[in-house]
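Novice: These are the residues of each chain, in order.
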Amino acid sequence: MMAMASPYLSEQTSVSMIMRKVLLALVPGIAAYVWVYGSGILVSLLLASVTALVSEAVMLKLRGRPLRPFLLDGSALVTAWLLALALPPIAPWWLVVVGTLFAIVVAKQLYGGLGYNPFNPAMVGYAVLLISFPVAMTQWPAPLELAQAKLSLLDQLRYIFGRVLPSGLTVDAISSATPLDTLKTQLKLHHGMADIMAAPMFGTLGTKGGEIVAGAYLLGGVYLLWQRIITWHVPVAFLGMLALLASGCHLIDADRYAGPLFHLFSGAAMLCAFFIATDPVSGPTTPKGKLIFGAGIGILTWVIRTWGGYPDGVAFAVLLMNICVPLIDAYTQPRVFGHEK
Amino acid sequence: MIEKLFKFHGGVHPPEHKAESAATPIRPVPMPARLVLPLRQHIGNVAKVKVAVGDHVLKGQQLAAPEGMISAAVHAPTSGTVVAIDEQLIPHVSGLPDLCITLQADGEDRWIEREPLDYEDMEKTAVIEALRQAGVVGLGGATFPTHVKLRADPRHPVKTLILNGAECEPFITCDDRLMRERADEIIRGLQIMAYLLDAECCLVGIEDNKPEAAQAMRTACARSAVPVEVVLVPTLYPGGGAKQLIKVLTGWEVPSGKLPSEIGVQCFNVATAYAVHRFIDHGEPVISRIVTVTGKVARPGNFEVPLGMAIETLVQAAGGAAPDIDGFIMGGPMMGFKLPSPRVPVVKATNCIIAASPDLFPPQPLPMPCIRCARCADVCPANLQPQELYWFAKSQNFEKARDYHLFDCIECGCCSYVCPSHIPLVQYYRYAKSEIIALDRAKQAANLARERNQLRLARIEREKQERQARHAQKAMGAKTDTAADEAKKAIIAAAIERAKAQKAAVTPQNTDHLPPEAQAEIARIEARRSQAMEQQKE
Ligand code: SF4
Ligand code: SF4
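Protein chains in written order, with the working numbering: chain A, 78 to 418; chain B, 568 to 1105.
Just so you know, these hints were derived from the structure itself, not from any lab. Virtual Cβ for every residue (Gly too), placed ideally from N, Cα, C. The reader is advised that the hints may include incorrect statements.
What the hints assert, rightly or not - Cβ pair distances, simulated, as ranges:
1. A:GLN304 x B:ILE569: 32 to 40 Å
2. B:ASP893 x A:VAL380: 54 to 62 Å
3. B:ILE569 x A:VAL380: 48 to 56 Å
4. A:VAL212 x B:GLU1002: 51 to 59 Å
Construct the entire structure; sequences and hints are all you get.
Specialist: Put into structure tokens, the structure is as follows:
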């Protein structure tokens, strides 16, 4: 049977097609990640994916929803991948599982499932983990080229599942504080920016290795823009605002404030700009609203990074702006055809 | 000269499917033996029957006269005998039967006396009345009586006359062929319309996917005395919507709830201009029209079809439909509707018949929840937020839907077209609109009842007081007639005052005092609603 009423034509598109393209756009980032930090991230991705699909299925069953369309829509996988990419790649297995469970069960399904979650599920999962398990969350592996010891995939698996390191190695040998973290602590110790940045963990643009991954995310983001999966508003407003604040303060006091490129290419800024803040469900829908939303995340990210208690502010920035979405939408309604403003 | 074109917000590029039917010239069809002519083929009042069963009529003879200003006449497409005046299925979204005149053709096809109208020597009002009697309506599908739009209104002089040859809906090519083959006649019609309206500027808007039509029209303009500019507009659905075309050509937006004439523009379909020419220059009322027959038929193309011909007979003329079809769509795939039966007649609104099959119009997958992707908002030509409207309609939050300008939705279907969740958005809007209108009606009816009751109570009160006054008068010796009259008047005045106050207290509805087009639109929505309810029952 064709549609009950017009229009009888529709574009060849679907939610799962959109989600598949988002996943595809993440592939360059993941590849870069593996290249820089080793293949541990693949384990996290797999863990998160399985957890997400199983918990989504269980919740759908409990809520009496059809399984097929909602499992196939790919949205759970997107949440899982974003969360996994935001976590340290050598995070213990239970951290990934707990975070994903929280994201899918609480932040998504308990709010009504696909389309109904007011908060970005991946960021809810991330924030919960950051608050509950701060130590595990800040144990990042050093990029392979900087690490004192390289772990084989088997060693990484051992570490992820059993927290067992090859004999003779300590945690410090494979992990390091993140550059954003280092920057913050060093600044507190009144070291100058130039000295801090001279450390090997800082790269040309952002952080060594991290900047490559960020570049790969940017590539994926361009693909999403080209495919019209996302619009330019949120990424441009977010990155623009972040760069603006960073440049402003960097110009005033280059010794205490990192420059714009550093901010754009370190931490989760790029991932957030193109993949997290652009989540349609928890974001605003009007073009003006998207600009405000993106700019708001930019401001909050920079503020949290600069003065806040957490090294990277992206997750909290996104969640805080999620709260404002209904308000933003209500006040940015565009002028309707034939109406005065 | 149009220096630059303007843009309207949004729009989509559905596959055009125009090549199938646009390649061949307009073909005639054999006159069918039986014609069914609905009395309402236009927006406005039903036409009043002027013939009786058994009457013999001539081709072009008026069978039903317009009733009131917003109405249009119905004529006999051929000579023959009136064999029935009864309810029959008509091509309407509601799928409900309506009063029709059935004509048995006598095969002679004998015309009435036809005479060209010397319109320049006549009063303009007389020309307009003649057009009213000729059954000319908007042939782009809207079927609003043309004469109403041609009355010059001193309050809103129409400076700009726009001919709409955009034909933005997929599949439809009847205007394209008409412009290619009868451009001179169209321009002649335009000239007459411009004269009646005293228009200063004439524009023809044609989408740039019809270069041949534009060329033909340009050549015709060059031959004609009236200065007309043929403008190619970008192909973008729904660029042929009157408001969208006006915006693209002039940059002006018709204010919400207003008519184009109120900003000094009037917009007609090219086929309407052609019909005006046929009547004024040849004395022929509207008894046929060009119809695109396309989709899964053997020989798609355009046909000059007498009104009243059964769709299935017309489809035979196009070589018949493929066996796998699952119905016929009248109009385009974006805004048209599925015919209740292939036996319904061709009417003035029938611009296109599509033999629909599942491979042309694949079934819609099950709707998913709205993911707020705002694609619908990006393509909405009215710049609405369809996802919000959907949300309000679904949760029956009708006041909110109205606040978010539901009634500015033109039901173009762009939002549904792009929705990745396959939500039948337009259906929700039709439903919400009809619900709001029904609620408003109910409220109005309740207010009216209250008002009447108030008046009744006032009357009873008045009568009582009058009685008392009479008694008092008698008692006083009947000398104060005038005083009693005064009292009576005061009482009546008070009652009227009360009633007035009551009326004023009734909140104004934004469905009141709508222009006739909007009211007709509402009637259409009502019909659709009853159809939807029927379908739910099944
Ligand atoms: S296009 Fe569909 S899914 Fe996207 S916002 Fe509009 S209604 Fe929702
Ligand atoms: S149908 Fe209405 S809401 Fe949807 S795109 Fe057209 S005008 Fe906008």
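Novice: Would you mind marking each hint as holding or not holding in the structure?
Specialist: Hint check:
{"no.": "1", "hint": "A:GLN304 x B:ILE569: 32 to 40 Å", "result": "35 Å, holds"}
{"no.": "2", "hint": "B:ASP893 x A:VAL380: 54 to 62 Å", "result": "60 Å, holds"}
{"no.": "3", "hint": "B:ILE569 x A:VAL380: 48 to 56 Å", "result": "51 Å, holds"}
{"no.": "4", "hint": "A:VAL212 x B:GLU1002: 51 to 59 Å", "result": "57 Å, holds"}
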